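Residues per chain are reported as follows:
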Amino acid sequence: MRILYVIGKHITFPGAFLRAFWEQVTCLLLGLSVENTGYLRADEMCGHIEHVLPKKASAAYISATAPGVMSLIAGLPLTIFGIINLRVLGVAPADSVLLFVIYILVLYAGVSVMCCLHPQFEVAQNLWDITLEKLRSKDTKSKVGGIFMFLPALCTYIGAILERFSVPVIVWAVGITLIFVL
Amino acid sequence: MKANKDINPKDNSKKKSKKNQEEEVVTDPCTRCGEHNCVEGAEFCEDCLVEMLNTRVPIMGWIAGAASLVLAVVAIAASVFLVSPTILCVRAEKAVKEKSWNDAVYYYDQMDSTLSDFRNLINWQEGSPEPFLRRFFKLGAGTHAKMFEAYAKMYGPLTAVEKLEVNDNTPLTKTETAKPYWEQYKGIVRAFDALYNSNRAPEANTYDASIKFIGEIEQQEGVDKVYTSYQKYLMAAVYYDQSIEESLKWLETCDDYAKKSGMDYKWLYYSDYANILNVTGEHNKALALMDELISDNNNNFNAYTQKTDILIDNGMLEEAEDFVDGLVEDFGNYSETQEMQLKVARCKGEYDKVMVLGDTLMANYAATPETYRQMALMFVAQGDYKNAFTYIDNGFSAAYMLNEEESAGISLEKIKETCYICAKLYEKHGEPTDEEKLKIAEIYYMFPEDYKTTDDGEALISGEKTAWEILTQGDYDLV
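Protein chains in written order, with numbering that gives the first Met the number 0: chain U, 0 to 181; chain D, 0 to 478.
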């Protein structure tokens, strides 16, 4: 599975690089110690950085979701822009090879970023554990916090599991193919 | 994985320490450097912890982050402009799937027009290099080719090339979608140029000489033989008034070549072919051709009208009624379908229905000349020649204005002929006012003296036949 993950991350290296960058910036802002900043590696840390796991709920939430949100802000417009120009407007090499290549690269960059939205599994697991702890707590404030955190934590958790097996890469590849073929 | 490590001093689950009230706490070596001992409650030494907190973000990271945000902003701004063209494109492609080529053409046109408006926001003087930004708002060759195909399916490749201003340098001609239509166009143009730009001797202006000349043109390379066969048909049917069998022969040749080419030539000759088959009594074949046209393009109102006319011509009024009722269900908001419904009702003698449909058409749409003509025929059938004359006069004015605006499908000759007949009938059986007498005189002025109208018209004027006989049982029309 690790091989699948590494291959997926290297195929989507722009997204992996950007994701790791946003993770490091988030750790900097949250004051989390970062152990290793190699963005593109040949192991399960490819596209992520090694950092300590926060125990505070807010820090855990932000460290797990903020880098993904920043990647989404960058990746979604690029993906949409690429699809509109290549599929809707039908820009082809016959129009301008340069423009066609630019749009292909924009689409590739956008989709790569969209494939790397979720944190590494341990970070997601940390957030999930904290959320469950809050839900089980007898303190009302904690419980309410847990309710608000539940859905994002669940999505993050499932996303992290799927990303481990490069499922987003496969889904996006199939989706983009269908958009252009149908 | 090291990221699992917990530095919360309260959680001592992984730390081993020997604590002696009088001795210092001894911790394990730092897991990062291995040189110093860990800080209490952590897996790293103090130096490593400080270093880890101050880890610098690589310059490439900052560049990538900033670039991604800038590009995202540009992409959002550009995408906002492209929302409307995207929606139009989706609608156009849906129309293509449904073979509603008219709708597809409409949506592609709207899309192109919207993009053109955006391009015009960017200042540019023709002659100078085009700003790169303008290229973001242009139809690419892929979609432009689909637009070209929609036009070609709707109007034929000649009109498609003219409307979209396509030439050899237009990128769409290199796409697989547009290539067949472009090649078809070039073949027809070669034939046209050879036929009409050559110097022919005056004695060549006979039917046989013309056919021979076209036959010679056909032997040239790259000349479209379907088109040349159609030209032979025009020589026989239009220019030299040959027999119907002779005309039919060339249309059959057209059909053979068209089938061999594998390209779509229905736009060129199917209507004429169906017409001639109907005249020669092969109305089933004619109807089959119309059904083929309709299945290729369900926006083909000319085909719908022609099929209705063929059904009426052959006395198949019930089938005609079912057909147009079905059309009204699908295209209720089109005036063309309601007009067909009105015509069938008029042929069946359902005059109350005709009045209702006629009033609706006039209220909701600008009434077409044919609506006026059908209502005039209804009044003729009822012996109300005054109203017949009023309606046909209005119809003629409408036809004349539309014909001047080059509106397709308006038969000025049919309206004129019906005008003449209604004027004769009104003059004979009615009491025209002075103003009406002037109008009648204007109508007669359009025709030579002792003009003889159609057989049915003459029979009606002379009283040989009644309007009811002709309009609901015989030919169902006066022209």
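In short, the hints are calculated from the structure, not lab data. All values reported here derive from a predicted model rather than from experimental measurement. It is possible that part of the hints are untrue.
[Stated by the list, open to error] Taking beta-carbon pairs under 10 angstroms as the criterion, some of the chain U residues facing chain D (in silico):
(1) A65
(2) I83
(3) L98
(4) Y102
(5) Y107
[Claimed, not checked] Simulated restraints, written as ranges between beta carbons of each label pair:
(6) D:K162 x U:P92: 45 to 53 angstroms
(7) D:P128 x U:I6: 28 to 36 angstroms
(8) D:E220 x U:P92: 28 to 36 angstroms
(9) D:K352 x U:P92: 23 to 31 angstroms
(10) D:F80 x U:I6: 17 to 25 angstroms
(11) U:L104 x D:S83: 45 to 53 angstroms
(12) U:L104 x D:P179: 27 to 35 angstroms
(13) U:L153 x D:K162: 36 to 44 angstroms
(14) U:L153 x D:P128: 52 to 60 angstroms
The beta carbon of each residue, even a glycine, is placed where N, CA and C say it ideally should be.
For each hint, the structure was consulted:
1. A65: Interface hint status for A65 (chain U): violated (13 angstroms vs cutoff 10 angstroms).
2. I83: This hint holds: I83 (chain U) lies near chain D, its Cβ roughly 5 angstroms from the closest one there, short of 10 angstroms.
3. L98: With a closest approach of 6 angstroms, the L98 (chain U) hint holds.
4. Y102: Holds: closest Cβ of chain D sits about 9 angstroms from Y102 (chain U), inside 10 angstroms.
5. Y107: violated (13 angstroms)
6. D:K162 x U:P92: 45 to 53 angstroms: Violated - the Cβ-Cβ distance for K162 (chain D) and P92 (chain U), about 25 angstroms, lies outside 45 to 53 angstroms.
7. D:P128 x U:I6: 28 to 36 angstroms: Given a distance of about 44 angstroms, which is not inside 28 to 36 angstroms, the answer is violated.
8. D:E220 x U:P92: 28 to 36 angstroms: holds (30 angstroms)
9. D:K352 x U:P92: 23 to 31 angstroms: violated (59 angstroms)
10. D:F80 x U:I6: 17 to 25 angstroms: This hint is violated: roughly 37 angstroms between Cβ atoms.
11. U:L104 x D:S83: 45 to 53 angstroms: At 26 angstroms between Cβs, range violated.
12. U:L104 x D:P179: 27 to 35 angstroms: holds (32 angstroms)
13. U:L153 x D:K162: 36 to 44 angstroms: violated (55 angstroms)
14. U:L153 x D:P128: 52 to 60 angstroms: Since the Cβ atoms of L153 (chain U) and P128 (chain D) sit about 54 angstroms apart, the hinted range of 52 to 60 angstroms holds.
In summary, the structure is inconsistent with hints 1, 5, 6, 7, 9, 10, 11 and 13 from the numbered list given earlier, while agreeing with the others.
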